[in-house]
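There are 2 protein chains.
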Amino acid sequence: MTDFESFRKQALDELLDWLRIPSISTLPEHKADMIRAAEYVRTALERAGLAKTSLVDRGGHPLVYAEWLGAPGKPTLLLYGHYDVQPPDPLEEWVSPPFEPQIRNGNIYARGATDDKGQTWILVKAVEWLMRRDGRLPVNVRFLIEGEEECGGEAISRYVSEKPPELAADAAVICDSEMFAPGLPSICTGLRGIVYGELHVEGARQDLHSGVYGGVAPNPLMAIAEILTALKNRDGRILIPGFYDRVVEPAPAEKEAWARLPFDEKEYLEKEIGAPELTGEPGYSVFERTWARPTLEVHGIRGGFTGEGAKTVIPARAVAKISMRLVPEQRPEEAVEQLRAAIAAAKPRGVRAEFRLLHGAPASLVDPENLFVKEAALALEEIFGRKTVFIRSGGSIPIVGLFNACLGIPSVLMGFGLPDDNLHSPNEKFHVPNFFAGIEAVVRYFERLGA
Amino acid sequence: MTDFESFRKQALDELLDWLRIPSISTLPEHKADMIRAAEYVRTALERAGLAKTSLVDRGGHPLVYAEWLGAPGKPTLLLYGHYDVQPPDPLEEWVSPPFEPQIRNGNIYARGATDDKGQTWILVKAVEWLMRRDGRLPVNVRFLIEGEEECGGEAISRYVSEKPPELAADAAVICDSEMFAPGLPSICTGLRGIVYGELHVEGARQDLHSGVYGGVAPNPLMAIAEILTALKNRDGRILIPGFYDRVVEPAPAEKEAWARLPFDEKEYLEKEIGAPELTGEPGYSVFERTWARPTLEVHGIRGGFTGEGAKTVIPARAVAKISMRLVPEQRPEEAVEQLRAAIAAAKPRGVRAEFRLLHGAPASLVDPENLFVKEAALALEEIFGRKTVFIRSGGSIPIVGLFNACLGIPSVLMGFGLPDDNLHSPNEKFHVPNFFAGIEAVVRYFERLGA
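The listed protein sequences correspond, in order, to chains Y and C.
Position 433 of the first sequence, counting from 1, maps to 433 under our numbering, and the rest follow consecutively.
Position 181 of the second sequence, counting from 1, maps to 181 under our numbering, and the rest follow consecutively.
These are calculated hints, taken from the structure and not from any lab test.
You may find that some hints are simply not true.
If several chains are the same, the list does not tell them apart, and a pair holds so long as it fits within one copy or across any two.
[To be verified] Straight-line distance between alpha carbons at most 20 angstroms, and here's what the computed EDC-like set of lysine to aspartate or glutamate pairs gives:
| hint | residue 1 | residue 2 |
| --- | --- | --- |
| 1 | 255 | 334 |
| 2 | 347 | 277 |
| 3 | 31 | 308 |
| 4 | 387 | 354 |
| 5 | 74 | 154 |
Hey, can you work out the whole structure from these sequences and the hints?
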């Protein structure tokens, strides 16, 4: 095991180097960093002994591809991860800088630590360890690592839609979700979909003085407030006509399993949220509200003056970043149409309003009875010593739906993040023991599938 | 008159130099520019032959003081202006840079051109011209020029509240308002008051991922939308309990005079506003809505992500810049208390909300029958050749109320701006012929008062 221990240490050091590259896919100024981050993982796969390692160009940020197909008759797994990360702002809230990874109290603190470089590195290193130890793998693998998970995933969407022969596989394995609780192995069987876009509102031709024109000039910021409150009420109920028509409730057995999960709502509120109280639709549990109910959120409002001090401006235009999380059977295109109609109906007089779609993806469900899911659950149980739970995630991994629709394969979501990993927030972290256990669990999973 | 023409030309050149100093009082990084701008006008007053020119320190940005008291038995005028300007953003909408003044089509384009460097310069140059021509003035004058008009006016407020002997005067003269229409001399007899502050809303301890927490986490941006729409309805009616209790309607005669002003609402909408339609309270004319009715506006909303692309964040906190314009008899302190109570009542669950006051000032009215107002109207008529109209302004010049309350003097608001001067907006301008006519009108005014 000494060998494995020094391997683990090196794997960690390499992960820290990868985390130092600020591969923020949404910001054009990081285009070169994106290529560096892609090349970093491609080189690692090459060193691990995989063939055909390459950067695949389908527009946007490159995809990383690699394969090892030396186990005829054995299953083929499509190993997915992403090397892009969320923007790190607000920077001032980070204890250590987001792209200078620091290990404190057994956690790696860095943007992308858990989402998703740390978890992608688990797959890379599990394969490398098996290759190093055995000179071969017990299963066939194809890596597909994208750089646009945080910004719409257009390149991978184009590539997978082509259904290229090099993506033929029996199942996809994705490490981009979280464990329900520390030490509790978890497989995610459901993800919400998403529609993300911008609400553009225009009033006057140019910014106006609120003294001279206040009382007659339309205010696009106020119009955004009026539209938002017309779209969702204070109970979190979305008021868009037809929006809930296709929503499918979880099966009673699934809801009962959720009710048995170790969960203390008060502790969740205090430790994870830290707000005066939880919000959302009455009559639905926290799991239902975050995993199985659609949402509408506003992420930012641009326009007017937000600097220090006072400026009495009525802005000419304003933009709100808006997303809706979708649940199984809701259709992104239809939801966008419904949203647009609701905005047109909610728009106050004096302004023009337009919703511009940035990206969308449907929700997805995976059958826990599927062989690849079951074997993953058993591998996790072996390493963590506890029974694997089946949970859902409120987040969106659009690729799961795409793999199903285009490649006809299920996705196994083995997540090693923790609920308090601050993904998309300041001080994102990844628990080092989970990184190591993740490598072992994936190794064991491949061994079981190849047996 | 050749002499006056070369004087005018030099006055214009000097104004352009003054406009080159980016004296933005709300932005701390312009502190040195503020002192440069103050010193620029102090030096000009010294050169004009005034005594006791000085920068008065009452905290914040300096006040400029100067006096000439060589006309015993004649009235003493307190000449007010401000050398600070609004922030220039959005910069990309300026045709020429805000602090590189350019003359196009007979207008000076620059931040501060009309508000208020150009108009302050009228007072400075009228005095200088009289001193140069006659070696003396027909009246006594004291200049008081501040650098915080756009950011709350705390220094001048402290200074005037001390009721210092050097501010003793019979009336104040302020050039910081606008003519009702090109060529139509106008005196402003009413100003709205203001309350300006920030609504701070806090939800979770830190930014959260909208996938993982959407459905249970409070969203401070949405809370701001909910609070704003609870404070004002779509008709512009403010819903804050008690808010309208003290509002005094204009006298029927004043409303009738307004109705006789040359005004085409369609042209106003198209040329000045440029929005699909006007907004505001039904049943009130444009003049009533902008001059005599209180308002509530949001000027900017900070929080979350507003950059390019998509970030699925539920921000931990958000801030809205909010102001209310007040009309005669409304009390700023009471309005703030009413606003705070309404915010507390409107706040959705899951968040904390707090209104932080930045500054406030009451509305003010001036009696058009006052001698100093009447003589100003006649002086304007002499220069412009048309009967002076009495109008109000929807803006706030808090110093007017302070001069009345602390010094017991009325303020004569002779404005030379034009309605389309874009004050507080990109491409702020000042009509050069109005600058020259303004100097002549003030000279004539002083001559009439000294006769």
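Point to revise | Alpha-carbon proximity between residue 255 and residue 334, which holds within one copy, between copies, both or neither at 20 angstroms | key: neither (27 angstroms within a copy, 52 angstroms between copies)
Practice item. Give the relationship of residue 74 and residue 154 under a CA distance limit of 20 angstroms: within one copy only, between copies only, both, or neither. Key: Answer is neither; intra-copy 31 angstroms and inter-copy 79 angstroms both fail.
Review point. Quick one: residue 31 to residue 308, C-alpha cut-off 20 angstroms, is that within a copy, between copies, both, or neither?
Key: between (32 angstroms within a copy, 14 angstroms between copies)
Exercise for review: Give the relationship of residue 387 and residue 354 under a CA distance limit of 20 angstroms: within one copy only, between copies only, both, or neither.
Suggested key: neither (49 angstroms within a copy, 47 angstroms between copies)
**Study point:** Intra- versus inter-subunit Cα pairing at 20 angstroms for residue 347 with residue 277
**Key:** Intra 31 angstroms, inter 13 angstroms, cutoff 20 angstroms: inter-copy only.
The structure fails to meet hints 1, 4, 5 from the earlier list, while all remaining hints are met.
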